[in-house]
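If you want the building blocks of each chain, they are given just below.
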Amino acid sequence: MTSARRLPVLIAAVVLLAAVAAGYAGWAARRGPAPDPRAPAVQGGGDGLLDPGRLVFRTTAGRVAAVPLGDTSAAPVDGGPACNRFHTAAGVSVCLVARPGPVPMTDAVILDRSMRELQRVELAGIPNRARMSASGRMASWTVFVTGDSYNEGGFSTWTGILDRRTGFAVTNMEDIPLTLGGRRYFSPDVNYWGVTFAADDNTFYATVSTKGKTYLVKGDYARWEARTLRENAECPSLSPDGTRLVFKKRVSGDPDRPWRLHLLDLATMEETPLAETASVDDQAAWLDARTVMYGKGPDVWSVPADGTGAPALLVRDASSPVVVGRSP
Amino acid sequence: MYISANRTADGTRPRSRTSWAVPGNVLALGGVSLVTDISSEMVTAVLPLYVTLSLGLSMLQFGALDGLYAGLTALVRLAGGQLADRWQRRKLVAGAGYGLSALSRLGLLAAGASVPLLGAAIAADRAGKGLRTAPRDAMISLSAPPDALGHAFGVHRAMDTFGALLGPLAAFAVLTATAGAYDAVFVVSFCVAVLGVLLLVMYVRDRREPLPPGAAGSGAVSLRAAAGLLRDAPFRHVCAVAAVLGLVTVSDAFVYLLLQKRGGLGPEYFPLLPVGTAAVYLMLAVPAGRLADRLGRVPVFLAGHVALAGAYLLLLGPGWLVPVLVLHGAFYAATDGVLMALAGPVLPERLRASGLALLQTGQAVARMFSSVLFGALWTVWGSEPGLAAMTAGLAACALASWFALRPAVPAHRPDPARRRR
Numbered sequence: 001m002t003s004a005r006r007l008p009v010l011i012a013a014v015v016l017l018a019a020v021a022a023g024y025a026g027w028a029a030r031r032g033p034a035p036d037p038r039a040p041a042v043q044g045g046g047d048g049l050l051d052p053g054r055l056v057f058r059t060t061a062g063r064v065a066a067v068p069l070g071d072t073s074a075a076p077v078d079g080g081p082a083c084n085r086f087h088t089a090a091g092v093s094v095c096l097v098a099r100p101g102p103v104p105m106t107d108a109v110i111l112d113r114s115m116r117e118l119q120r121v122e123l124a125g126i127p128n129r130a131r132m133s134a135s136g137r138m139a140s141w142t143v144f145v146t147g148d149s150y151n152e153g154g155f156s157t158w159t160g161i162l163d164r165r166t167g168f169a170v171t172n173m174e175d176i177p178l179t180l181g182g183r184r185y186f187s188p189d190v191n192y193w194g195v196t197f198a199a200d201d202n203t204f205y206a207t208v209s210t211k212g213k214t215y216l217v218k219g220d221y222a223r224w225e226a227r228t229l230r231e232n233a234e235c236p237s238l239s240p241d242g243t244r245l246v247f248k249k250r251v252s253g254d255p256d257r258p259w260r261l262h263l264l265d266l267a268t269m270e271e272t273p274l275a276e277t278a279s280v281d282d283q284a285a286w287l288d289a290r291t292v293m294y295g296k297g298p299d300v301w302s303v304p305a306d307g308t309g310a311p312a313l314l315v316r317d318a319s320s321p322v323v324v325g326r327s328p
Numbered sequence: 329m330y331i332s333a334n335r336t337a338d339g340t341r342p343r344s345r346t347s348w349a350v351p352g353n354v355l356a357l358g359g360v361s362l363v364t365d366i367s368s369e370m371v372t373a374v375l376p377l378y379v380t381l382s383l384g385l386s387m388l389q390f391g392a393l394d395g396l397y398a399g400l401t402a403l404v405r406l407a408g409g410q411l412a413d414r415w416q417r418r419k420l421v422a423g424a425g426y427g428l429s430a431l432s433r434l435g436l437l438a439a440g441a442s443v444p445l446l447g448a449a450i451a452a453d454r455a456g457k458g459l460r461t462a463p464r465d466a467m468i469s470l471s472a473p474p475d476a477l478g479h480a481f482g483v484h485r486a487m488d489t490f491g492a493l494l495g496p497l498a499a500f501a502v503l504t505a506t507a508g509a510y511d512a513v514f515v516v517s518f519c520v521a522v523l524g525v526l527l528l529v530m531y532v533r534d535r536r537e538p539l540p541p542g543a544a545g546s547g548a549v550s551l552r553a554a555a556g557l558l559r560d561a562p563f564r565h566v567c568a569v570a571a572v573l574g575l576v577t578v579s580d581a582f583v584y585l586l587l588q589k590r591g592g593l594g595p596e597y598f599p600l601l602p603v604g605t606a607a608v609y610l611m612l613a614v615p616a617g618r619l620a621d622r623l624g625r626v627p628v629f630l631a632g633h634v635a636l637a638g639a640y641l642l643l644l645g646p647g648w649l650v651p652v653l654v655l656h657g658a659f660y661a662a663t664d665g666v667l668m669a670l671a672g673p674v675l676p677e678r679l680r681a682s683g684l685a686l687l688q689t690g691q692a693v694a695r696m697f698s699s700v701l702f703g704a705l706w707t708v709w710g711s712e713p714g715l716a717a718m719t720a721g722l723a724a725c726a727l728a729s730w731f732a733l734r735p736a737v738p739a740h741r742p743d744p745a746r747r748r749r
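Going line by line, the protein sequences match chains P and A. The first sequence runs 1 to 328 under this note's numbering. The second sequence runs 329 to 749 under this note's numbering.
Among the hints, erroneous ones may be present.
Think about it this way: if two alpha-carbon atoms lie no more than 30 Å apart in a straight line, the pair counts; the simulated DSS-like pairs of lysine-lysine are [stated by the list, open to error]:
| # | chain 1 | residue 1 | chain 2 | residue 2 |
| --- | --- | --- | --- | --- |
| 1 | P | Lys218 | A | Lys589 |
| 2 | A | Lys589 | P | Lys211 |
| 3 | A | Lys589 | P | Lys213 |
| 4 | P | Lys218 | P | Lys249 |
| 5 | P | Lys249 | P | Lys211 |
| 6 | P | Lys218 | P | Lys296 |
| 7 | P | Lys213 | P | Lys296 |
| 8 | P | Lys211 | P | Lys296 |
| 9 | P | Lys249 | P | Lys213 |
Just so you know, these hints were derived from the structure itself, not from any lab. Quick caveat: nothing in here was measured; it's all calculated off a predicted structure.
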């Protein structure tokens, strides 16, 4: 082909490809109410969303909504903020929202009872876990940051803790002095995720991973130190009375169904598999003193926290479930 | 006939070594890489978000998908070099690689939330990348005069990096325009990738050497012949130096992690650190390549490693953000394309793609080991002594490389009479 003939062919090809690209993008944009996890505005009308006796969750469309605890199949109170992960306690909420941009960014936004923004922490990465301590003082979250691991193309987690009393935010708790198996431990590949605070707003539990293993750690926020309690326990969730943890235990090497929810009794350190046999990738939340709830597929399910019973569907098309208590 | 950027009004002026002109074939290959990198970085930028937030897979599943085929690129690269040489059809093999990566975008679209199909699409993209790299670099090295290869590779790498910088912006633009439609990103990325393949087909010329007489079929080019390249002292030295220096090079991820910690950088800026390195690389690739043509490729290649050692020292010391990124980008500018320009002329033309594939794979494997090594040093000694040890190792290896390479590789010193235009 001579250059005189080549140029028209190239121009025709560019026009055709541009038309295909623009046409598809235009169709995708008009496709209708596709779920948009990147909705920029966090703020939403929060009237009555956090009334006591409600089960609050994130809808598949990405907004925070609520149903009465007694009738979880009721039409939800809608119009809450747009969040990818959400948790609330004592009238204070933490909302992780992915921020549009050429690189993945996440904001951790603290909201008041009317869902007005109190504080915003800008982070890199992809939203993963969010928790508020029972008093509403300690907010914690985990984001995934890709390409930050010593295997190129791997990922790591950044877990942050915000003390609302002082306003101080740790954005990556990796530097916390860690005692592993009784010895002070140093490694570049430590990653933390899934923090849960106790009622004293100082003791916390979390997961640490290093060298391909995960451990349950118990941390002391004021002294800023942590030690491992046992191996193979992820995303702990402390019971309201502080005596038990429900966590994800790795039970299979298959990355498609690796985990099973277990209960750990902190007094005896005995663990019990829960009746949910499907793999759950979530930090469970307590529905009441005896039951936990968690995201499974597109829905929220519940199961007794003592290994008995059977899983039951709680709310369809929902995630990030949290109960608003009777007394704040 | 191919477009030639160094044609002047009379079309006859012989190219001078200090000319800014670049052979049309190199520009065409640079254009292909620019467009292809826009396409592939569009996908890379959105894939973690798409897989975890839109499809709802766990990060563990994404990690498994992403890490599964890390070794595939290295193996396919050796095969790509071998096939390109065996058939003496570098353009065909490179084109197959570009085409496979383009098709992988449609695979992502079709895969939906199916983990095996997503894995297959990612594997096809990686295989395509592995397949095309060595034949492409061989074509560049055969498209420019030996004394202007540094400039040619500099131009190619600058165009390639520019595409990589544009990709995430393009993906963001598509997501914004479509209110978060990831499938639209894949379709646009596919169209851009097809344009890359078309540019290759229409504008890139492969130099077709007749296979040596008497060497019937695949006899002349074989795995044995490719491995036999290492018996040749200059090439063996270049490979050894690249591998040894790769072994004491701290991976980018660690550099950014240390920079973020040392520089007290807000975590929201963390993802922008690689952008800083790439921007410096983009600006310095051409000047570094030209400098390599004038002063010799060995000094510039080793100076790049000295710049990297400087970046490590700054990380150990004050942790200044901009100087570290400038030195880190200068390291890439002075080493990546320059290494190809250094190795190209010491390889026979009929085995050039195999040889470059061998060199690139050796360097990539060495860097994988360096990550393990640095991880171990960090665990035993902590991050700063670990980095200090790597810096000392880098300085020692760069010095040793100087003595290993100086006698082995012809310097391509410029003719003093032609040094100035």
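Just to be careful, I want the Cα atoms of Lys249 (chain P) and Lys211 (chain P) compared with a cutoff of 30 Å; is the pair within it? Roughly 17 Å separates the two Cα atoms, so the pair holds.
Check the hint pairing Lys589 (chain A) with Lys213 (chain P) against an upper bound of 30 Å on the C-alpha distance. Given that 30 Å is the threshold and the Cα spacing comes to 24 Å, the pair holds.
Within a Cα-Cα threshold of 30 Å, do Lys218 (chain P) and Lys296 (chain P) meet the stated pairing? Holds, at about 27 Å.
Please work out if Lys213 (chain P) and Lys296 (chain P) have their alpha carbons no farther apart than 30 Å. Satisfied, since the Cα-Cα distance of roughly 24 Å is no more than 30 Å.
CA of Lys211 (chain P) to CA of Lys296 (chain P), is that 30 Å or under? 28 Å, holds
Would the hint linking Lys249 (chain P) and Lys213 (chain P) be met if the CA-CA limit is 30 Å? 12 Å, holds
Decide if the proposed pair is consistent with the structure: Lys218 (chain P) and Lys589 (chain A), CA atoms, cutoff 30 Å inclusive. Distance of about 24 Å is within 30 Å: holds.
Do the alpha carbons of Lys589 (chain A) and Lys211 (chain P) lie within 30 Å of each other, as the hint requires? Between Lys589 (chain A) and Lys211 (chain P) the Cα gap is close to 21 Å, so the pair holds against 30 Å.
Please work out if Lys218 (chain P) and Lys249 (chain P) have their alpha carbons no farther apart than 30 Å. Given pair Lys218 (chain P), Lys249 (chain P) holds - Cα atoms ~17 Å apart, limit 30 Å.
Hint compliance for this structure: no hint is broken.
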